[in-house]
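Enquirer: Could you put the whole structure together from the sequences, leaning on the hints where they help?
As given, the protein sequences belong to chains A, B, C and D, one line each in that order.
Each residue of the first sequence is one higher than the last, beginning at 1 in my numbering.
Each residue of the second sequence is one higher than the last, beginning at 1001 in my numbering.
Each residue of the third sequence is one higher than the last, beginning at 2001 in my numbering.
Each residue of the fourth sequence is one higher than the last, beginning at 3001 in my numbering.
In case anyone wonders, no lab produced these hints; they're calculated from the structure.
There may be inaccurate statements among the hints.
Claimed, not checked - One side of the interface only, derived from the structure: several residues of chain A facing chain B at Cβ under 8 Å:
(1) ALA43
(2) GLN218
(3) MET224
(4) SER230
As the list claims (entries may be wrong) - Just the calculated beta-carbon pair ranges, DEER-fashion:
(5) B:HIS1275 <-> C:GLN2135: 11 to 21 Å
(6) A:LYS103 <-> B:HIS1275: 47 to 57 Å
(7) C:GLU2207 <-> B:GLU1299: 37 to 47 Å
(8) B:GLN1301 <-> C:ALA2282: 22 to 32 Å
(9) C:ARG2014 <-> B:ARG1134: 27 to 37 Å
(10) D:GLY3156 <-> A:PHE276: 34 to 44 Å
(11) D:ARG3050 <-> A:HIS275: 25 to 35 Å
(12) B:ARG1134 <-> A:GLU207: 32 to 42 Å
(13) D:GLY3156 <-> B:GLY1208: 55 to 65 Å
(14) C:GLU2187 <-> A:LEU247: 47 to 57 Å
(15) B:ARG1050 <-> D:ALA3139: 52 to 62 Å
(16) A:GLU79 <-> D:ARG3050: 26 to 36 Å
(17) D:ALA3139 <-> B:ALA1333: 53 to 63 Å
(18) D:ARG3014 <-> B:GLY1265: 38 to 48 Å
Glycine included, every Cβ here is placed at the ideal spot set by N, Cα and C.
Number of protein chains: 4
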Amino acid sequence: MTRAFNLALFGAGRIGAVHGANIAARADTSLACVIDPDEEAAAALAVRHRSEVADEATALGDAAVDAIVIASATSTHAELIEKGLTAGKAVFCEKPIDLSVGKVRSCLAAVEGSPSPLFVAFNRRFDPAVAEIRQQILAGTIGAVELVTVTSKDPGAPPIGYLRDSGGLFRDMTIHDFDMCRFLLGEDPVTVSAAAAALTDQAIAAEGDIDTAAVTMQCASGRMAVITNSRRASFGYDQRVEVHGSLGTLRTENLPQHHLVHESGSGVVRPKPHHFFIERYAQSYRAELDHFVAVLRGEQQPTPTGVDGLKALLLAEAAYLSLQSGRQVEVEAPSGAVQ
Amino acid sequence: MTRAFNLALFGAGRIGAVHGANIAARADTSLACVIDPDEEAAAALAVRHRSEVADEATALGDAAVDAIVIASATSTHAELIEKGLTAGKAVFCEKPIDLSVGKVRSCLAAVEGSPSPLFVAFNRRFDPAVAEIRQQILAGTIGAVELVTVTSKDPGAPPIGYLRDSGGLFRDMTIHDFDMCRFLLGEDPVTVSAAAAALTDQAIAAEGDIDTAAVTMQCASGRMAVITNSRRASFGYDQRVEVHGSLGTLRTENLPQHHLVHESGSGVVRPKPHHFFIERYAQSYRAELDHFVAVLRGEQQPTPTGVDGLKALLLAEAAYLSLQSGRQVEVEAPSGAVQ
Amino acid sequence: MTRAFNLALFGAGRIGAVHGANIAARADTSLACVIDPDEEAAAALAVRHRSEVADEATALGDAAVDAIVIASATSTHAELIEKGLTAGKAVFCEKPIDLSVGKVRSCLAAVEGSPSPLFVAFNRRFDPAVAEIRQQILAGTIGAVELVTVTSKDPGAPPIGYLRDSGGLFRDMTIHDFDMCRFLLGEDPVTVSAAAAALTDQAIAAEGDIDTAAVTMQCASGRMAVITNSRRASFGYDQRVEVHGSLGTLRTENLPQHHLVHESGSGVVRPKPHHFFIERYAQSYRAELDHFVAVLRGEQQPTPTGVDGLKALLLAEAAYLSLQSGRQVEVEAPSGAVQ
Amino acid sequence: MTRAFNLALFGAGRIGAVHGANIAARADTSLACVIDPDEEAAAALAVRHRSEVADEATALGDAAVDAIVIASATSTHAELIEKGLTAGKAVFCEKPIDLSVGKVRSCLAAVEGSPSPLFVAFNRRFDPAVAEIRQQILAGTIGAVELVTVTSKDPGAPPIGYLRDSGGLFRDMTIHDFDMCRFLLGEDPVTVSAAAAALTDQAIAAEGDIDTAAVTMQCASGRMAVITNSRRASFGYDQRVEVHGSLGTLRTENLPQHHLVHESGSGVVRPKPHHFFIERYAQSYRAELDHFVAVLRGEQQPTPTGVDGLKALLLAEAAYLSLQSGRQVEVEAPSGAVQ
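Expert: The following block contains the structure:
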């Protein structure tokens, strides 16, 4: 049996608990320690998985720790990436790297050339159906990709306090869809055009934020992608992608909570989809870890990378510019080499 | 038993044959005569339904004829509308009135105040599922409409010769979707933004036309509509609409050719949707006639009207302007009264 | 253009009206006349399709009449079959030939050797999905057929007066499913085992009839078929078949009334299926006529035949015997040659 | 935080590994030790979950062990149940208790009156959709249950060696469906009628076993249940149940491997269902543990019980008698009190 990799987990909140459980459940990974300023949360998670609590310095300084998983607050990501890679640890970082383009650029510049791998975890790419779409596109099953459509709607807006620090709809929520479109287009968009409004809650408008949006992107080849967003889908979490190709179309459907059908005089009723991301993307979180372990074994290159994280953010910036100007906006191309 | 209305049919081509059969099949309508420059086609249709062939003047001059159904070439529509209404006949006209905004405007001006009704037949509105969506919206089932999404893809481009006279993608094909968006938004869009390309066939690009498009519209209230189009869906005719409201979502699915499921080692396979409009909208054509008979009985006002036809065309014009300018374009508001 | 066949229609009731409209709508058939003891019904149908009313003797004696369509009361079928074939007309007869095995046998004996064709119209076989299943079985797509499952439930029981003359559930309703099982098994069952009860309405029990049943049949090869029936499905007409083969499974799904999906906090709701046979099997009735015209042209042999009608009835008889005895019952094999 | 219950796991094979992982993943259960004659398997599982290996006597004698989970070979179940309950441990036992009615009866007699709870784990009952059906039935949503239909097909027969010791199709595989029917009927069947054959593999016939079956059961109230089985569904694991009630129908659909749709000229293709029970019933295994923990807390009574296990086996015996006799067979009613 091959040895298990030791992973230190930063963040014992909701998404940290998901990664912690996944690490503990595998035969080839071990939850070395949990680090969180909320000591009670860290302790509870550590006890549950027969692991232990540590502080940042101890975790980063422990030669037995192979990698760190960053599931802490967004504002800490960039710094932990730099510290982790500098300490020679492989890094698994929850998206985003940061909400500021400048901070992302300086973080990536700082770690450029690092021998340790950096993996930025966009969960959508690891959904089994989405991953299969990508494989089928690469295999040529649907011919040339012509039009990508992403429907992404949350079950309800987060608290206004959260929204205030979120960076706004495009940086907080659409960021996933920007990455998804690049992933499925197989080509970087060169223009972005956006329309948006605050329709679900006037408090969102009062914050200067938006909750409903339609974004169109086009690549140099002419192929296009369209994203529609809302902060509130009445029936839960609406997560669908569709790739129209010259030879076929591949699309995902929402995942129902279970496979029950109720037929009566009122019609044919199936359950709503999973309510939100923890349940909806449970498989994705496991698959992210599959990939990260393959990276640790040297069998795969990490993807998405830091540059992917930057590019998704640049699309969000272009979308905001389009909203302000009423124009199609050209997307800034990162100066560095791109995957 | 109430008497049957006598309808004169202009056009014995593909869509004329559909309307002719529907007229003949009803107890409350009678196919008075068929008019077509192609005398053989007119005769075949007349024989099939135990009707007769006539010329334009005879049909329009026959006091026994209650109404005319215009299913002839697009270039003849405006003139026949004027002649029919002037002759005191009710008019059922296949969309569009004309490809030129000027000609549509002058036609509508010429017939303004006519006591006889004019019905412009956009088939999508009469699809049972679409009509039901509209009813549910009016009933408040899904609350406030926030986002309308229309997917409309043909199974393949028509011959280049047809395209040359078609007015281009937006006037020929998207025109249906523009009308659909107005119908489902319940509000006129004020801005249009379009992206497009010729991706399916270089001959289309050579004609200066496009075959793949994404159009976003926004209303004064902030609500939006998004249309995606392609001239070629690999699996046939892709016709879906989706209305996201504050309390619920209503959407249509493609109609499979039949309800067979084949399960094997290759997966779970269902048939493709109906290949094209004659089969897909067979029920719509019958429902158009239901509505027109109700208009003839004085029970309903005709809808869509001539102004609806004009407004859909103005959205197409705005989409072309957006393509050229790379900007959101404001939509021209018709000067006349609007339904 | 080939000449149209002249068809005389016996019966202007609900199913007669369906066949009359289908005959009138085709270019290759003509509704010669309508015969019905209810003269008002006959006249209304004749006027609607620009046909005329006739009496039995005139219709059968008219050399211009190529064929008769029997859609009159069940008790008249056997006699009309004999008269029609004797008069040299091709015969299209609604199922069943008769409710009595003896009467069916004597009718078939009387017309044996008739040069004119007899077609017994079991509508299920002509459903496009069912017909496709049969074609796929013959083509070997699913390998050896091993298990056929038929779900057949009505939206509600007919009036007790109807039930009293219906022959009981197995002869009136399951008869369709017996024929369907033979059609899909491709082999005659040799044993039948039945369980049943009256669960939906005590008035049915009071008549000595049943409303809920499960019937299992087995062929000499070992392959089996299972039918489940109810007189009352809460959501409408439940009509599904499933064929499990060694290489694949083919199954039909209910046809929704339209293709609308309503998603909200209550779940994902689709419309109920078509309520009953006139709507559900509308395509079947048209396809029956396609087949009958091919028979008239000499291009196809009629199927199902009179013997098929007899065999379905013999399965119903065996099912009743099984109910009484609590045993598997061997099915009587008709003495005549079988298709 | 409430304390975690310590569970000793007997059996480190495929299903043992599932239960072991589920025990280790919860905050309220702890994997105390693993017992298996295959010491390597036991050790691997213990290491993976930071637990330890033990022998039977140690595990049963350890006062810190609250409960045992029996996932070892079927032949060991009855003895371990007795030993576990005698030692004062709560018992979670994989179905079946034993393949012999006599041995099941004597086991149940031996532990009658034991203060510790015995839970017999039939996984189907714990499928979220099936559990929901049961809740809806109890809530009256579908009115009176009239007909239960269970489709249960494996993706392929196990090796002949396994079949030889399996007790045959009805005791090995249909046993799940017998329990399911009782669970959904809410009433014990009083008669059983079976038809069966060996169609998929002549080697199965050579063993005197069957691979394809249809079983009908009827209760005193008249309500019925129908099971169809095959050892080989071409597309994988076919697991569906359907309950037809007076006011509605509840049914489950197969769970696709993921929610991808591929549309092309070949049709509309979705993935196959999960291949077999470990994946298909992953949620059930977790829900079984939810229930068992509630039993350990004294919040719920264990269900299914040992008597439920016996009753399912008695239905299997009746099915074999029906096959031999060609008759409906009355089901033996256990002498003891029944849940």
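Enquirer: Compare the structure with each hint and give your call.
Expert: Do the hints match the structure? See the list:
1. ALA43: Interface hint status for ALA43 of chain A: violated (43 Å vs cutoff 8 Å).
2. GLN218: holds, 5 Å
3. MET224: holds, 5 Å
4. SER230: holds, 6 Å
5. B:HIS1275 <-> C:GLN2135: 11 to 21 Å: Since the Cβ atoms of HIS1275 of chain B and GLN2135 of chain C sit about 19 Å apart, the hinted range of 11 to 21 Å holds.
6. A:LYS103 <-> B:HIS1275: 47 to 57 Å: Roughly 53 Å apart at Cβ, these two residues keep to the hinted range, so it holds.
7. C:GLU2207 <-> B:GLU1299: 37 to 47 Å: Distance hint for GLU2207 of chain C, GLU1299 of chain B holds at roughly 45 Å.
8. B:GLN1301 <-> C:ALA2282: 22 to 32 Å: Check passed, 31 Å falls within 22 to 32 Å.
9. C:ARG2014 <-> B:ARG1134: 27 to 37 Å: holds, 31 Å
10. D:GLY3156 <-> A:PHE276: 34 to 44 Å: holds, 38 Å
11. D:ARG3050 <-> A:HIS275: 25 to 35 Å: For HIS275 of chain A against ARG3050 of chain D, whose Cβ atoms are near 32 Å apart, the range 25 to 35 Å holds.
12. B:ARG1134 <-> A:GLU207: 32 to 42 Å: holds, 34 Å
13. D:GLY3156 <-> B:GLY1208: 55 to 65 Å: holds, 58 Å
14. C:GLU2187 <-> A:LEU247: 47 to 57 Å: Once the Cβ atoms are compared, 41 Å apart, the range 47 to 57 Å for LEU247 of chain A and GLU2187 of chain C is violated.
15. B:ARG1050 <-> D:ALA3139: 52 to 62 Å: holds, 59 Å
16. A:GLU79 <-> D:ARG3050: 26 to 36 Å: Given a distance of about 32 Å, which is inside 26 to 36 Å, the answer is holds.
17. D:ALA3139 <-> B:ALA1333: 53 to 63 Å: holds, 54 Å
18. D:ARG3014 <-> B:GLY1265: 38 to 48 Å: violated, 23 Å
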